[in-house]
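J.: Listed here are the chains, written in short residue letters.
Number of protein chains: 2
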Amino acid sequence: MINRLVIIGVGLMGGSLALALRAAGRVGEIVGYGRGLTNLQDAVDRRVIDRVATSLGSAVREADVVVLATPVGAMGDSLAEIAPFLTERSVVTDVGSVKTQVVSAARVALGERFARFVPGHPLAGGEKSGVGAAHAELYRGQRVILTPEAETDAQATERVAAMWESVGAEVRRMPAGEHDAILAATSHLPHLLAFTLMDLLARAPQRRSVFEYCGNGLRDMTRIAASDPVMWRDICLANRDAILAALADYRGELEELAAAIEGGDGVRLLDLFARAKRTREELN
Amino acid sequence: MINRLVIIGVGLMGGSLALALRAAGRVGEIVGYGRGLTNLQDAVDRRVIDRVATSLGSAVREADVVVLATPVGAMGDSLAEIAPFLTERSVVTDVGSVKTQVVSAARVALGERFARFVPGHPLAGGEKSGVGAAHAELYRGQRVILTPEAETDAQATERVAAMWESVGAEVRRMPAGEHDAILAATSHLPHLLAFTLMDLLARAPQRRSVFEYCGNGLRDMTRIAASDPVMWRDICLANRDAILAALADYRGELEELAAAIEGGDGVRLLDLFARAKRTREELN
Numbered sequence: 002m003i004n005r006l007v008i009i010g011v012g013l014m015g016g017s018l019a020l021a022l023r024a025a026g027r028v029g030e031i032v033g034y035g036r037g038l039t040n041l042q043d044a045v046d047r048r049v050i051d052r053v054a055t056s057l058g059s060a061v062r063e064a065d066v067v068v069l070a071t072p073v074g075a076m077g078d079s080l081a082e083i084a085p086f087l088t089e090r091s092v093v094t095d096v097g098s099v100k101t102q103v104v105s106a107a108r109v110a111l112g113e114r115f116a117r118f119v120p121g122h123p124l125a126g127g128e129k130s131g132v133g134a135a136h137a138e139l140y141r142g143q144r145v146i147l148t149p150e151a152e153t154d155a156q157a158t159e160r161v162a163a164m165w166e167s168v169g170a171e172v173r174r175m176p177a178g179e180h181d182a183i184l185a186a187t188s189h190l191p192h193l194l195a196f197t198l199m200d201l202l203a204r205a206p207q208r209r210s211v212f213e214y215c216g217n218g219l220r221d222m223t224r225i226a227a228s229d230p231v232m233w234r235d236i237c238l239a240n241r242d243a244i245l246a247a248l249a250d251y252r253g254e255l256e257e258l259a260a261a262i263e264g265g266d267g268v269r270l271l272d273l274f275a276r277a278k279r280t281r282e283e284l285n
Numbered sequence: 002m003i004n005r006l007v008i009i010g011v012g013l014m015g016g017s018l019a020l021a022l023r024a025a026g027r028v029g030e031i032v033g034y035g036r037g038l039t040n041l042q043d044a045v046d047r048r049v050i051d052r053v054a055t056s057l058g059s060a061v062r063e064a065d066v067v068v069l070a071t072p073v074g075a076m077g078d079s080l081a082e083i084a085p086f087l088t089e090r091s092v093v094t095d096v097g098s099v100k101t102q103v104v105s106a107a108r109v110a111l112g113e114r115f116a117r118f119v120p121g122h123p124l125a126g127g128e129k130s131g132v133g134a135a136h137a138e139l140y141r142g143q144r145v146i147l148t149p150e151a152e153t154d155a156q157a158t159e160r161v162a163a164m165w166e167s168v169g170a171e172v173r174r175m176p177a178g179e180h181d182a183i184l185a186a187t188s189h190l191p192h193l194l195a196f197t198l199m200d201l202l203a204r205a206p207q208r209r210s211v212f213e214y215c216g217n218g219l220r221d222m223t224r225i226a227a228s229d230p231v232m233w234r235d236i237c238l239a240n241r242d243a244i245l246a247a248l249a250d251y252r253g254e255l256e257e258l259a260a261a262i263e264g265g266d267g268v269r270l271l272d273l274f275a276r277a278k279r280t281r282e283e284l285n
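Residue numbers (my numbering), protein chains in the order written: chain X, 2 to 285; chain C, 2 to 285.
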């Protein structure tokens with residue numbers, strides 16, 4: 002049971018966690034904090050949170066669990082702001098898509114309270130954002146990756162793991178660096194490819210025709226290009242090295258593909274497409 | 002009314018057209034021809050076609066409409082093979098994703114019968130292939146692009162347009178080169194990006210983790226990587242120049258994106274992502 006839960010950043014991720022914990026009967030009071038007052042009022046009206054905190058300090062002093070659900074670039078400042086007010090029993094966690102940089106920021110910001118910070122990332126979400134998209138079932142059946150450090154308090158990690166399991170998620174643990182490399186390939190790279198494709202088509206000379214003759218393949222492929230720009234800017238800056246490595250690999254493959262097309266190398270094209278098709282079918 | 006319809010290549014596209022015309026009561030006998038006898042027998046069992054032609058010559062001699070629905074690379078040979086047997090009343094059309102190269106092949110193969118060849122491309126389909134995936138509603142509400150040449154018989158074009166309209170499709174006309182440039186951007190490029198992403202992940206050192214932590218974004222984005230490899234090899238070879246141009250544009254954008262990430266240029270990243278998001282939302 003979480004007597005008081007504080008959600009910093011009440012959007013799709015934070016709002017859905019609040020709704021899910023409430024539905025599971027695992028939470029007493031839910032306090033929200035964030036920059037957008039209209040959004041916070043909306044969260045109160047939708048009964049996602051019970052009330053809006055007037056200051057982070059007063060909110061977290063009595064908190065059992067504090068969840069950071071802002072874009073990752075804002076997490077360091079939020080952690081520094083709450084650090085002086087955290088009590089020994091408070092556990093702090095986050096839902097950021099990048100872990101190494103958030104862990105570093107937390108280590109600096111929290112000082113001796115760092116042991117009660119449990120870095121986390123639920124693999125859920127989607128291209129919709131804001132509390133209006135939040136729903137209690139977002140995390141059911143989804144994976145949550147926790148990346149505790151050597152200093153992380155084992156009980157704190159257990160508490161966060163239990164919180165996620167109570168809303169139907171499956172918890173895995175791995176080192177932060179491994180998380181960031183895997184997510185760079187499976188999530189960050191695909192998002193960047195979709196943003197880039199959409200932007201290219203937006204700027205194409207035949208833009209109107211492009212829209213008129215857009216098929217389902219293009220629609221599916223670019224759905225994630227409607228994701229929150231601030232969130233993705235922050236992910237790019239925070240997971241820079243792993244993303245640049247994934248982009249370099251991808252650009253290398255595209256170069257090989259272009260060379261095969263230019264050289265009319267049907268054997269190589271068939272080989273590449275057949276291997277991709279087999280792999281994609283394994284995903285089903 | 003089409004008294005005898007001949008479908009060369011009875012897969013998703015050809016099979017769905019046969020089913021749709023039958024459902025609309027617009028066709029007498031449907032004759033199928035293709036390389037795979039098992040597939041053709043399957044098409045008979047599923048009542049997609051009435052019978053299998055023993056030779057292309059005998060099939061097309063009595064045909065009102067002949068539809069080529071093979072991968073585009075095979076169309077030239079098929080056209081050369083049927084050319085001697087076509088009568089004056091026969092209309093020939095195709096469903097290929099590339100038009101300029103098919104038109105050139107048809108001009109050579111058909112000679113004086115070229116005027117009765119109506120190049121076409123229904124913007125429908127998907128990653129599934131084979132007659133087992135065919136269904137009568139595939140073309141309803143979808144666009145079909147016809148790219149008649151200066152020599153193309155207007156009545157032949159009308160006949161093909163009427164055929165597509167009778168199965169619920171909306172017919173547009175444009176020059177073959179324009180079609181190929183638009184489709185290179187809206188369809189061919191996205192497919193190639195999906196194939197490349199899937200292939201890259203298949204070859205990644207952390208392949209197992211990649212599959213274990215694959216999210217919905219990646220799934221949606223790579224759905225079309227399960228498309229038919231032969232069809233896509235042929236499209237790459239047939240629409241080489243337009244595809245290389247689209248790939249070069251895309252690679253240029255990816256290079257700019259990598260430079261912005263490397264330089265920590267948050268303003269530029271936010272600008273790109275915000276523009277892509279707005280554009281994607283217009284697509285909805």
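These aren't lab readings, by the way, just hints derived from the structure by calculation.
You may find that some hints are simply not true.
One copy or two, either will do: identical chains are not told apart, so a pair holds if it fits within one copy or between any two.
Claimed, not checked - EDC-like mimics (lysine to aspartate or glutamate), calculated; alpha carbons at most 20 Å apart, straight line:
1) K129 to D229
2) K129 to E256
3) K129 to E282
4) K129 to D221
5) K129 to E30
6) K129 to E283
7) K129 to E63
J.: Under the constraints set out in the numbered hints, which ones does this structure not fulfil?
T.: 2, 5, 7
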